[in-house]
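Residue numbers (the working numbering), protein chains in the order written: chain A, 1056 to 1772; chain B, 740 to 977.
Simulated from the structure, these hints should not be mistaken for lab results.
Every value quoted in this text rests on a predicted model; they were computed, and no experiment measured them.
Idealized CB from N, CA, C, for every residue including glycine.
Mixed in with the good hints there might be a few duds.
[As the list claims (entries may be wrong)] If you anchor each label on the Cβ, the simulated ranges turn out as follows: (1) B:923 - A:1277: 51 to 59 angstroms; (2) B:900 - A:1097: 56 to 64 angstroms; (3) A:1064 - B:867: 41 to 49 angstroms; (4) A:1111 - B:923: 52 to 60 angstroms; (5) A:1064 - B:836: 33 to 41 angstroms; (6) B:822 - A:1724: 49 to 57 angstroms; (7) A:1158 - B:826: 53 to 61 angstroms; (8) B:765 - A:1156: 40 to 48 angstroms; (9) A:1158 - B:765: 41 to 49 angstroms; (10) B:822 - A:1067: 48 to 56 angstroms; (11) B:826 - A:1173: 27 to 35 angstroms; (12) A:1712 - B:765: 43 to 51 angstroms.
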Amino acid sequence: MNKIRLNIDGYTIEAEEGQNLLQAALDAGIYIPHLCYHPDLTPQGGCKLCTVEVEGEGTVQSCETIVTEGMRVKTKTEKVKHRRAVALELMLASHPKDCTSCDKYLNCELQALMQYMGVAHSRLREIDKENTRIAPSDQLIKREMYRCIQCGRCVRACQELRGIGALQYNKKDGETYIGTKDDVPLSETDCRFCGACVEVCPTGAIQDVKGIFSKDSPRNLALVPCKDKCPAHTDIPMYVRLAQQGRYSDAVSVFREKLTFPHSLGFVCTHTCESGCKRNHVNEAVSIRELKRFSVEHDKEESWKKRAFHNPSTGKKAAVIGGGAAGMTAAYYLAKKGHSVTVFERQPMAGGMLSYGIPKYRLPQDIVNQELETLVAAGIQLVPDTKITSADEVLKKGFDAVLVAVGAQKGKRPPAYSGTWKNTLDAVDFCRLANEEKLPDLGDTITVYGGGNVAFDCARTAKMKGVSTVRVVCLEPRDKMLADKEEVTCALEEGIEILNSKSMLGLEEAVLDAGEEKTGAGMGAITGQNAGAGQAAVTGLRLVNVLSFRFGEKGLELETEAGSETVLKTDTLVFATGQQPDLTEDFGIDLHRGSFVKINDALGTGKEGIFAAGDAVTGTKSVVEAIESGRRAAMSIDRFLGGDGNIEEILYDREKQNPKIGTIENFAGLKRAEQLCGKCDATGEALRCLQCDLRLDIQKVKYWVDAHYKQVKEAAE
Amino acid sequence: MSGMGNTNEVGAANRAGKMSCDVTGSCLPELPKTPQEIERFCAINFARKLMDTARRESCGKCVLCREGTWQSFEIIHDITEGKGQNDDFELLTELLEQIGSDGGCEMSVKAASLCLGLLRNYQEEWDLHIRRKRCANLICKASYTVHIAPELCDGCGKCIGVCPDHAILGGGNLIHVIQGDRCSKCMLCAEVCPKGAVKKAGAVKPKVPAEPIPVGSFSGAGGSSEEGPSMRRRRRGE
Chain A
1056 MNKIRLNIDG YTIEAEEGQN LLQAALDAGI YIPHLCYHPD LTPQGGCKLC
1106 TVEVEGEGTV QSCETIVTEG MRVKTKTEKV KHRRAVALEL MLASHPKDCT
1156 SCDKYLNCEL QALMQYMGVA HSRLREIDKE NTRIAPSDQL IKREMYRCIQ
1206 CGRCVRACQE LRGIGALQYN KKDGETYIGT KDDVPLSETD CRFCGACVEV
1256 CPTGAIQDVK GIFSKDSPRN LALVPCKDKC PAHTDIPMYV RLAQQGRYSD
1306 AVSVFREKLT FPHSLGFVCT HTCESGCKRN HVNEAVSIRE LKRFSVEHDK
1356 EESWKKRAFH NPSTGKKAAV IGGGAAGMTA AYYLAKKGHS VTVFERQPMA
1406 GGMLSYGIPK YRLPQDIVNQ ELETLVAAGI QLVPDTKITS ADEVLKKGFD
1456 AVLVAVGAQK GKRPPAYSGT WKNTLDAVDF CRLANEEKLP DLGDTITVYG
1506 GGNVAFDCAR TAKMKGVSTV RVVCLEPRDK MLADKEEVTC ALEEGIEILN
1556 SKSMLGLEEA VLDAGEEKTG AGMGAITGQN AGAGQAAVTG LRLVNVLSFR
1606 FGEKGLELET EAGSETVLKT DTLVFATGQQ PDLTEDFGID LHRGSFVKIN
1656 DALGTGKEGI FAAGDAVTGT KSVVEAIESG RRAAMSIDRF LGGDGNIEEI
1706 LYDREKQNPK IGTIENFAGL KRAEQLCGKC DATGEALRCL QCDLRLDIQK
1756 VKYWVDAHYK QVKEAAE
Chain B
740 MSGMGNTNEV GAANRAGKMS CDVTGSCLPE LPKTPQEIER FCAINFARKL
790 MDTARRESCG KCVLCREGTW QSFEIIHDIT EGKGQNDDFE LLTELLEQIG
840 SDGGCEMSVK AASLCLGLLR NYQEEWDLHI RRKRCANLIC KASYTVHIAP
890 ELCDGCGKCI GVCPDHAILG GGNLIHVIQG DRCSKCMLCA EVCPKGAVKK
940 AGAVKPKVPA EPIPVGSFSG AGGSSEEGPS MRRRRRGE
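One chain only, chain A, in its complex shape:
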């Protein structure tokens, strides 16, 4: 690009040939007020605020004037100041006076310009326009068009930038206003809810509906709620876009940057991304999890493997206790950083809850095994069937750092039921036994106490094993249950009874002779409890209706319905009331809240060289949270071992996105596909994405107070 020189207000600046005068001045740090101009849009010259005097040409709109060599420009003469002031006064004549009632207050370009130019609502007649009130707000875009100053940025953004044209200049009764064709709601237009109009609107006329974006996240995350809500902040819009283009290998590379068990996640992820998805407000979220799974299953090249970094050996040794999602993730990244990593796993197989917690009907074992293999291949030494009882012991073996990622492997019951009965099980044990194909005879009736996802794993497993009556009993009413809606729906479809708003008052038990024993044969032995002949068995649960409950300072506080006691007979009782780590003080690290590991911000346990991550710290969370925790642990441990702590990798080079997304027939009405049966389904589902990330590519307009305008960047002589 050829550079040319021009003089503005006495400063000699450089500009690119063909550039407009306004942008050249702004780039050089010389502020010229402007409103309808936006660096990403074709200049319209409509607001008249960027008026300047060009020697030999008189007053011109700087946005519409192309720079020429030797051009002499004055931006601050009394004449141009006056012209600008009149233009602004004219705009304000039909603009509401009360700034404080506007959600854009203090973040409004118009307000900033009023301050810059010292212009207020003024000597002119107030003009009340009728048709600017026409603006049905949509689920995502709030339109308060009486605040519109008709700069036309939104119209140009929608037309030029996106190639859509949902917004236009309308005319009715001699008034022009910005609206949709025939004033229909945006959902009835070609609008793709990309938010470009909101992004470029300089006033409060077009805004995001409140509550869609998190206020606590930084802007580049908040505006892309799926990515924001994902614990690992996976670049979701990017891989959905790649999946839409059928570039599955590239899509996999994108989520491989953050995730270690993508295929498993494709089956079982709690997909908080989907609850954040902006498309929820239009109709239903994009099936992000399904797209992830589809991409993995259709990735033939595995191109990410060629890009993944692997540092030379550092000579440092790290041990990871627990080969679950958190432990294996940490081990994987530590190995890539060049450390020698050993994972100690007490079970025969690694994978933790992926192998021993999540039922196989939800996640086939060979998928977990395959993903584990991929991780181990990065240079992890996996030592199965090894239970570690003391962290210090490991340190003594010559490891420089230890990560405790033992998970929450022990059932946690309400204090009153900590006893042992021959036919009771904790959910965590139930799931493990089921996955090991070692479940004892469960009888004809099984009751699962608890209402989370694990409770449903148990209940559905029991149903599949052929137990005729399966009941889930929980405190919460149906609409407040902790389990995912799809789990509840599936359970009901499978004929599982759900008893909501119930609390257990006590158990009915009986001591059965060995001969009478119907269920629970050997159950105690398997769960490691002290079972013997003549031990008591639970025969039923005494339940009461719950009106309300909360977890206060003293624990659970219940309000029950008097006289609503009932007895529920059962052959087997499963407690799905929580899990905790199988740790004691003997392990050698500080514990709190029972047996959870106490950590600092860097995931350190307070003992030099010992770190902790995953469920052992947080209690039962999701696989993706364990992965994220594992990544953070790897960063901390790498820093502790003398590394830079940087485990980020770019496995797919982002190209500049084409902002012109164009129109798609009936876009707002496209229905969610729950299952992707073929490439066609996947493409269609990915097409539903609102591509929220494109909004981040739109340049932000700098206010006149911006530090950029504090000093003019003069051309070197």
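Given chain A, work out where chain B should sit, using these hints.
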């Protein structure tokens, strides 16, 4: 009316800026040409019509065209309603000059220069409207009242039939009377009156009966002695 041809249209068509705008100046109302039209001409009323057309035709992209013509219309409208303010003439001149020089399209520039011509060439009339709230030709509504000349009315009742405001009192063989507070000055009654009895009155209000009286009985005494607000203002003004 000699100054009419001097309105500055020079270069209006060539001034069209860089904006993409399809609106041309052809939609604007034209200045009167025939003597009859000129007789019933009020520069201020015409300016109001001109700027009203301009603001309605504006494509809306440029602030001077969209808001500038509308603002000018509002100011002129106030003036025709007798609500002009002392500095309105200067304010209008300032606005129109800016539209004329910086306006982005042929239409707004032409409207502004036409209107500026009216300001320059009819300064006295503008002054009369703004300061004295009067319209020399009784075109601007605020400047006149409507009454039925009692000596001409034959009580035919045709005017009652057409009055959309139900402002006319009267009956068979009675002199009809227009109730000023109801009358919207639409002048439909004037169009149907076979006797030409419906008259406009400016500052000086003629004597008319306060309520209908038999045809031929009007003596000119005992009627309404109402003097419009404009009369009082005129006295104060002089």
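A quick look at each hint next to the structure:
The beta-carbon spacing between residue 923 of chain B and residue 1277 of chain A, approximately 57 angstroms, falls within the hinted interval of 51 to 59 angstroms. Between residue 900 of chain B and residue 1097 of chain A the Cβ separation comes to about 59 angstroms, which falls inside the hinted range of 56 to 64 angstroms. Between residue 1064 of chain A and residue 867 of chain B the beta carbons are some 47 angstroms apart, a value that agrees with the proposed interval 41 to 49 angstroms. Range check, residue 1111 of chain A to residue 923 of chain B: about 55 angstroms between beta-carbon atoms, so the 52 to 60 angstroms window is met.
Between residue 1064 of chain A and residue 836 of chain B, the C-beta spacing of about 25 angstroms breaks the proposed range 33 to 41 angstroms. As the Cβ distance of residue 822 of chain B to residue 1724 of chain A is approximately 52 angstroms, the hint placing it in 49 to 57 angstroms holds. Residue 1158 of chain A and residue 826 of chain B have their C-beta atoms about 37 angstroms apart, which leaves the hinted 53 to 61 angstroms range violated. For residue 765 of chain B and residue 1156 of chain A, the hinted distance range of 40 to 48 angstroms is satisfied, since their beta carbons lie about 43 angstroms from each other.
The beta-carbon spacing between residue 1158 of chain A and residue 765 of chain B, approximately 43 angstroms, falls within the hinted interval of 41 to 49 angstroms. Between residue 822 of chain B and residue 1067 of chain A the CB atoms are about 53 angstroms apart, so this pair conforms to the stated range of 48 to 56 angstroms. Look at residue 826 of chain B against residue 1173 of chain A: about 20 angstroms separates their beta carbons, and that is not inside 27 to 35 angstroms. About 45 angstroms separates the C-beta atoms of residue 1712 of chain A and residue 765 of chain B, a value consistent with the hinted range of 43 to 51 angstroms.
When held up to the earlier numbered hints, the structure conflicts with 5, 7 and 11 and fits the remainder.
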